[in-house]
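Visitor: Please construct the entire structure, taking both the sequences and the accompanying hints into account.
If you're matching positions, the sequence shown starts at 1 in full-length UniProt numbering and goes up one per residue.
Hints were generated in silico from the structure; no laboratory data involved.
A few of these clues could be false.
Here are the in silico distance ranges between beta carbons for each label pair [claimed, not checked]:
#1 K85 x R38: 31 to 39 Å
#2 E22 x E70: 52 to 60 Å
#3 W60 x R30: 33 to 41 Å
Below, simulated DMTMM-like cross-link-like pairs (lysine to aspartate or glutamate); rule was C-alpha separation at most 20 Å, straight line [claimed, not checked]:
#4 K75 x E87
#5 K82 x E72
#6 K79 x E68
#7 K75 x E59
#8 K83 x E73
#9 K79 x E90
The C-beta atom is built at its ideal place from N, Cα and C for all residues, glycine as well.
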Amino acid sequence: MAQNTAQNDDQVVFALPEEEMEAWDERERRWQEETRLRREEQRTEAEERRQERGDGWNEWRAQQRVWEEEKEEQKRDPKKWKKEKDEEIEKWRRRNDELWTKTIGAGGSSSSNNKRSDATQYTWDWAKLENQEKTFLEAGGCGKIK
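Guide: What follows is the structure in structure tokens.
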């Protein structure tokens, strides 16, 4: 019997009566509607959570829009965009040079490269001193660090 069924499997065609087809279609429509409502409810809940998060989310979205606008502007006029970015970078370099100068003093040279290297040396010396102090204290030492 099983052998007979296997031979006839490729010939079996399922044909539902018209009423069952309509019932099937109705179930399918209900399922789609329920799915749509469930997704809509999830979107609403997600939006409510975003609102509860407050301004942080809105600020992030606003920043995203700014970045997207900058990308579009860059595509429209790449030379202008590059010039503006270069000016902004130079402004930050000057600001950083001023901060380094205030931190370590003017030093002997007015070159910004020397200021940077002086500042790096200053930072390196400070880190070495902190490391020596830490090692000294861990050893339970007394007296002064040389």
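Visitor: Are the hints correct? Go through all of them and say.
Guide: Going down the list of hints, with the structure as the test:
Between K85 and R38 the beta carbon distance is about 46 Å. The supplied range of 31 to 39 Å is therefore violated. The given range of 52 to 60 Å is respected by E22 and E70, whose C-beta atoms sit roughly 56 Å from each other. A hinted range of 33 to 41 Å holds for the C-beta pair W60 and R30, which are about 39 Å apart. Pair hint K75 plus E87 holds up; C-alpha atoms about 19 Å apart against a cutoff of 20 Å.
At roughly 13 Å between alpha-carbon atoms, K82 and E72 fall within 20 Å of each other, so this suggested pair holds. Between K79 and E68, the direct Cα distance comes to roughly 18 Å. Compliance with the 20 Å bound is thereby established for this hinted pair. Proposed proximity of K75 and E59 is contradicted: the alpha carbons are some 24 Å apart, above 20 Å. As the CA atoms of K83 and E73 are separated by approximately 13 Å, the hinted pair is consistent with the 20 Å bound.
With a CA separation close to 16 Å, the supplied pair K79 and E90 stays within the 20 Å bound.
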